[in-house]
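Undergrad: Chains as they are written, first to last, in our numbering: chain F, 3 to 234; chain X, 163 to 635.
FYI, nobody ran anything at the bench for these hints, they're computed from the structure.
Take the hints with a grain of salt, since some may be wrong.
[To be verified] Here are the computed lysine-lysine pairs in the DSSO-like style, where the Cα-Cα straight-line distance is at most 30 Å: (1) K610/X - K163/F; (2) K309/X - K363/X; (3) K610/X - K259/X; (4) K40/F - K540/X; (5) K40/F - K610/X; (6) K261/X - K362/X; (7) K572/X - K40/F; (8) K133/F - K572/X; (9) K540/X - K133/F; (10) K475/X - K540/X.
These numbers were taken from a predicted model, which means no experiment stands behind them.
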Amino acid sequence: MTTTTENTIGTQTALRHQAVKPFYFNTSAHLLRITTFKANTLAELLDCLRACPEDAIFQHTFRTLQEHHFIREGFSNDFAHWALAACNQPGLAEQLASVDVREFTSLSDLRERFIEIVASHLKRHHADASKIAEETFYFCAADIVVLPTDTVAASMQEFVKGLREASVHSIHHHFIEARLRIKLMSNDFSQWLHEDVGLTETARALNRIDIYTATLEDVRRQIIRVVERSLT
Amino acid sequence: MTVDQADKHEANREGIKLVKSQNAASQQSISTLASGTETKQPSQASQPATAYPERRKAPRTWETPPEPVPAPHFDDYRPIVGDAEINELRFLARPLKGKTLKMVNSTAVGGGVAEMLNRLVPMLAELEVTTHWDVITGGNDFFEVTKAFHNALHGTEYQLNRAAQEIFLAYNEQNRQRMQFQEDVVVIHDPQPAGLIRSKKDSPGRWVWRCHIDLSNPNPQVWGFLRPFIDQFDAAIFSSQSFARQLPIPQYLFYPCIDPLSEKNKELDDSYVQQICDEFGIDRSRPIITQVSRFDRLKDPVGVVQAYKLARKYVDCQLVLAGGGASDDPEGALVLKEVKEVVGNDPDVIILDLPPWCALQINALQRASTIVIQKSIKEGFGLTVTEALWKGKPTIAGAVGGIPNQVIHKLTGALVHSVEGCAYQIRYLLTHPEFAAQLGRNGREHVKENFLMTTNVRRWLLLLRILMGERTV
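Looking at chain X on its own, in the form it has when it is part of the complex (with noise of 0.2 Å):
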């Protein structure tokens, strides 16, 4: 949060007091409408709301990024997934001793795979498989080309011209010629550096495309130009089975994963939790609802606050909406104001700006929470949801992209497809929070099994030993 926004925050306080007293009074008329429908008013809901904590100004140390956090070691995972499965690990890493592999990506920092490198590469350096990573270099005409590419591989309108072209194949070849590939697996990320692949016949090792984004209903004419290099690959690897596409090649699931030692996802005291509630005036006895999102339509805040509203006839609780992107997205500060408009000027409804360094603020947001929403239309896997379900919380999200992966309905969580599912499982959840505690626990065993960082470790050390000929069984 800037000094600006933490400003205008705290010039709000006023304006939440006289929201409260009208909100006391839409309460009343919502409790008239249910009468009126003889519809069950469960006793909370038609209670006075509690005294709303205040909300105070953000403390000055969140307007600039932390100070990076070390990287964990291997053996700081043990308590958390246990002997046998670090044991194990070192197991399948032993014959690869001394084995080479090569990252190949197209930038060293921010988005998620440069996150994901940043602790796989010395993760898999502890377990002595020797890793080198290397970032393709281009210029502001290639990554715009790449970046219309991304876009055209998730569905978008382009046409591919001649000059896009030109300037993909000009700068992979500019970084072929500067990079070495003496590695025993090398492996591409994404289509940046797809071209990389002409120097396979000039190399000893295997190579890998490992394809972050959903290819599900690409623009056929990129997907077109990049496929006869995608074909040369040894293996490709997607993040759902959705995702991929019909190739000549073995394509393997390596599910996206988060690191439970990350800010985002470390274990919290409780009075740290019960601070950040207090700096921004959550009120830790009344349930709380939270989805933490860019303010992106794809996101759907707009229906996250609709759903919340039909579950508030029925249910006391609060939502936050804790995102970023309005400060420095035009579209996402639109989304915002829209948000806005549709919470009016409910007191109860919470909506955090928050800058992407924020990781233990969301951290602590998603541990205070009763339930987490992700209330998505399109997604990519939805890491989010990965998070909320490795603290334990019962979450309810949009059956899109790879959230079915991850919330098995009713087993892992709920899936929904409409503001009204959403409402529904909201009420059902806080209204059957044994259930919803079980789902919660059956979530974080999920994630456990499935979504951690080491579980990424076994699948890249049990596809270096396939790709080195170990005979399967």
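Isolated chain F (complex conformation) (with noise of 0.2 Å):
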């Protein structure tokens, strides 16, 4: 990611504060979608795994951190919830809720993921396979659509002052979603700050912040102190 040449010209830049393009800070709507897979016991979740539409996939995982956003633990996507809540299964909640999105740069990679945790979990249980869940898991899809702000930062005070005012949605849409637009194990903030400032350290140091244990706010904090402690 990184050469001499790149971080001695990303110093100078960053020192001048300002950028070789400018970021433009976009965000995304989402409507959602009621699909007609539907799942009453674990069988059924794994035949709607393979069955279901990609965005179904992306709505319960990359989604569910969006749409529970102010909340620390316990929502990590919501297969991980249903096998908790409604199939009282802990042990394959904890295997599923362990799926980090960020590993992750395709969907059709991440739904294979969930299918082998939760056909692995049934070849050793069979009886659980047609136990009734408490409640009927529905899969949902996001309709997205991208919207551009006004906000541009052609500096790194700008880009600080962007990150402050733009909403939640946008953080989520350059930090989190930003990985199956761009194909690669990083995000819009990084690639802008590796590539047109020339920060690569602050770039990586951004790829390590963790988004399962804070709340998008958190994260969005986190996102500004590693930024400004790069301009000190």
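Could you fit the two chains together into a complex? Lean on the hints.
TA: Given below as structure tokens:
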């Protein structure tokens, strides 16, 4: 991700607090669509995981984080929550909850991971397959519209200001959803800091922020802290 | 509260004094029972209750509805949801400038749909999305049929006959002849005007069916009759995933919402909250458990009293049952009678039969509460739950209808399935105030994110953009 030349240029650029290209803050808006897939047992969940549209996988993983952005614990994805709350399967729930969406740049790989976990659980615990859950799992999907905002950052000061003023939807769009778009284990902020400002270490530090033990507001604060630290 | 009711209330004051001494005796027996079973007895429950505040006669200003409050402006929501959210909505609306939308429903006043449209239509207009709102007309025979359809779609037994079908079709045709459909998007609310879809072929716009009712278990005859109309729409909207049907058109999820600036939900001065508690004889120095609901068996007010009685063996609290419907609904009066029988002469249970315009008083009661309960057995979406969560109140609710969308167990509230479960959660939340406060904070954020009027506007704007061909990613 880095070279000495890049770093030198980057440090100089950062000192001037100007970017090669500005950062355009966007946001995305989601409309929930109810699909025809639903599960009342773990066996049905497995069937649905195999057959549901990819945007349903997106909704129940990436979007869960956004919809419950104010909760620090217990809500890494909807499949894990259902396995615990409706199926009373804490072991399976823990495994499902351990899936970190940031390790995936494609929804098909993410889907495969969930299929693998549920299939492996049912292989070891046949009887769990047909137990009726307390609540039905309804597969939903998200129709997404990406929106530009008026906020553009041409310097680091403007970038920090933009981070402070952006909505949590915008933070989610750039920091979490972005990997599906850019197909990299990274995010829009890190990419910009690395490519257009030359702050490669700062870019890496942002990628280490834990999104699962913090609210999105916490994540925003941590991003700002890391970026501000690079300016001192 | 009517004059008569207020007078009765006043007359009860003597009775309350009598009840106090009886209650002291019953507390003694509870205490003995608890120690007999070696159950830990928190000290406050065995202490004598504090002096009961006097229940005052309700002010006469409540006897008639207050003047309507002017609708807020879009920017009035800025301090509540933040600049970023309001700015995003304006961005979302920008490409829709000059587009037109028509809403059609069956009533201009009364009922949740009209209430929602009364707020939504001016807000969309402020965003320069011209929105027309038309109301269908019909005789008593039409509304009797559609009321029966409504109940049947909720699962009630009903024999659909030819006459009912003809009445439905005739009034829909009459309205169709009268109305124009030149807008970019036409939204038909609920089944009553569904027959207007016949105008789709002559209309330039996209048509959406907004279903506000639970279709999870509809009467097959009525659903079979309506289904061919619904299939012709371009999209349908439901209030919960579980309310939807298998349809050949896209189905979207629009949660019902509350208006944070309405009389029912706006911020109140604590002095007003205190005044309302004083009026009703509620002691704010002790925990207050409240259920706000019509006196209806499906809201299980008797179960709430039973849960309170179980919880009272361990913790001190008062129960407020604030509802309506007992004065104009024979079944409501019967349920209220049953509730009073279960309550007996416990002065810590305060039963309030309030008229529908007491939104401010309900708001104050919710804000005064330590815990809010909605122990429904069957429920639509459960907007009283949304109201409680918005006020940051730890909420205990039945896991039915749309409630699990709002109350995520142990994260935004507590879901219960029985009287015993409800009693346990009352005890737990009263004895773990930090956990209760966290649930309250999470619940408020959950509402802010998903169930406020501004979120509803966002969904409508998104739907319009998607229907008009916006490429989604």
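Undergrad: If a hint holds in the structure, say so; if it does not, say that too.
TA: Results of checking the hints against the structure:
1. K610/X - K163/F: At roughly 24 Å apart (the allowed maximum being 30 Å), K163/F and K610/X satisfy the hint.
2. K309/X - K363/X: holds, 28 Å
3. K610/X - K259/X: At roughly 26 Å apart (the allowed maximum being 30 Å), K259/X and K610/X satisfy the hint.
4. K40/F - K540/X: Holds, at about 21 Å.
5. K40/F - K610/X: holds, 27 Å
6. K261/X - K362/X: Distance of about 18 Å is within 30 Å: holds.
7. K572/X - K40/F: holds, 24 Å
8. K133/F - K572/X: holds, 23 Å
9. K540/X - K133/F: Holds, because 24 Å separates the two Cα atoms, which is no more than 30 Å.
10. K475/X - K540/X: holds, 28 Å
The structure is consistent with each of the numbered hints, conforming to all of them.
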